[in-house]
Amino acid sequence: MTDETENRAKRFRDEAASRGLPAEEVEEWIRVVRPAAYLAEGGDGPLVARIGGDPLLPQGIPNPSDPLVACVDLAALPPGATGLPLPADGHLLLFSGTDVHIREDVPDAVLYVPAGTPTTQRPLENSWREPYRPRELRTVWHQPSAQMPESFALDRWGDFPEDEQGELAEELDDAWADVGGHRPPWALQIGGHPVSPQNDPVFYARDSEGSGSCEQGGTVHGEGADDWVLLATWRCGEDVRELDSGVAHWVIRRRDVAARRFDRVHRCVEMA
1 MTDETENRAK
11 RFRDEAASRG
21 LPAEEVEEWI
31 RVVRPAAYLA
41 EGGDGPLVAR
51 IGGDPLLPQG
61 IPNPSDPLVA
71 CVDLAALPPG
81 ATGLPLPADG
91 HLLLFSGTDV
101 HIREDVPDAV
111 LYVPAGTPTT
121 QRPLENSWRE
131 PYRPRELRTV
141 WHQPSAQMPE
151 SFALDRWGDF
161 PEDEQGELAE
171 ELDDAWADVG
181 GHRPPWALQI
191 GGHPVSPQND
201 PVFYARDSEG
211 SGSCEQGGTV
221 HGEGADDWVL
231 LATWRCGEDV
241 RELDSGVAHW
251 VIRRRDVAAR
261 RFDRVHRCVE
271 MA
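Sequential numbering of the sequence shown, starting at 1, is according to my numbering.
Worth double-checking, as some hints may not be accurate.
[Claimed, not checked] Ranges between beta-carbon positions, derived for each pair:
(1) 197 x 107: 19 to 29 Å
(2) 31 x 117: 37 to 47 Å
(3) 6 x 131: 17 to 27 Å
(4) 148 x 254: 16 to 26 Å
(5) 114 x 32: 41 to 51 Å
(6) 185 x 244: 15 to 25 Å
(7) 261 x 11: 37 to 47 Å
(8) 116 x 31: 33 to 43 Å
Calculated from the structure, these hints are not laboratory results. Even for Gly, the Cβ is constructed at its ideal location relative to N, Cα and C.
Build the full structure now, drawing on both the sequences and the hints.
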């Protein structure tokens, strides 16, 4: 746990105690917090990621199915900022269309390009959509990321938490926000817990039935369930006007990140 996380945890404990929240649940909230990096436009720092435009692809790689969302310079991320076993350098390319899907298995939704690999710019073919508006992300915040209260309640008390338990999760979330737990302004999140206008995409990936239902029940808590993590989230904003508060998530098993098996990612596109 970093000094910043420890300081925030202490402030959170004090705030929760002042509200009379149960210490056991306070400690559980802290336990499941994960580090995350939040990338945004502005600033004069090094280029961390590019949004949109045509991708730079290695020779022999087939054209991706969807437009480029972002190209992330992994070497520019602060060490340990995401909590994921990502490569220390090279580039991570994220691709997505705008059709709303609760869960898709898309083998070419993420591509890792090792450092030093020769690449050429390649326009997207056979797509009705133009490339997303090019932007540079040079601002990085790295801070602890808490679960959404609905997700915390489901993980803590099972698929059908009681009303009082849901209310307690909301109170914990309020206390966390009051001590600086708000996410900063961002366009791209790497690691951490997802923030979603609908439901938690990690829960869909954990559903062994793969039903694709829009309901969040039926989550799996057995072997391997906790291996699923958020790889990245893109806030579409004005770049995708057909989606109201649209977001795209890429979810993957932690062991697949370590093994560089980004072809096993699940992608979720949703709107408010």
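Checked hints:
1. For the pair residue 197 and residue 107, the beta carbons lie near 26 Å from each other, so the given range of 19 to 29 Å is met.
2. Judged by the Cβ atoms, the range 37 to 47 Å given for residue 31 and residue 117 holds: they are separated by roughly 39 Å.
3. Between residue 6 and residue 131 the beta carbons are some 42 Å apart, a value that contradicts the proposed interval 17 to 27 Å.
4. Distance hint for residue 148 and residue 254: a CB-CB separation of about 20 Å, consistent with the stated range 16 to 26 Å.
5. At about 32 Å, the CB distance of residue 114 to residue 32 disagrees with the hint of 41 to 51 Å.
6. Taking 15 to 25 Å as the suggested C-beta distance range, the pair residue 185 and residue 244 conforms, at roughly 19 Å.
7. Roughly 39 Å separates the CB atoms of residue 261 and residue 11, a value that falls within the hinted 37 to 47 Å.
8. Checked against the given bound of 33 to 43 Å, the beta carbons of residue 116 and residue 31, roughly 39 Å apart, stay inside it.
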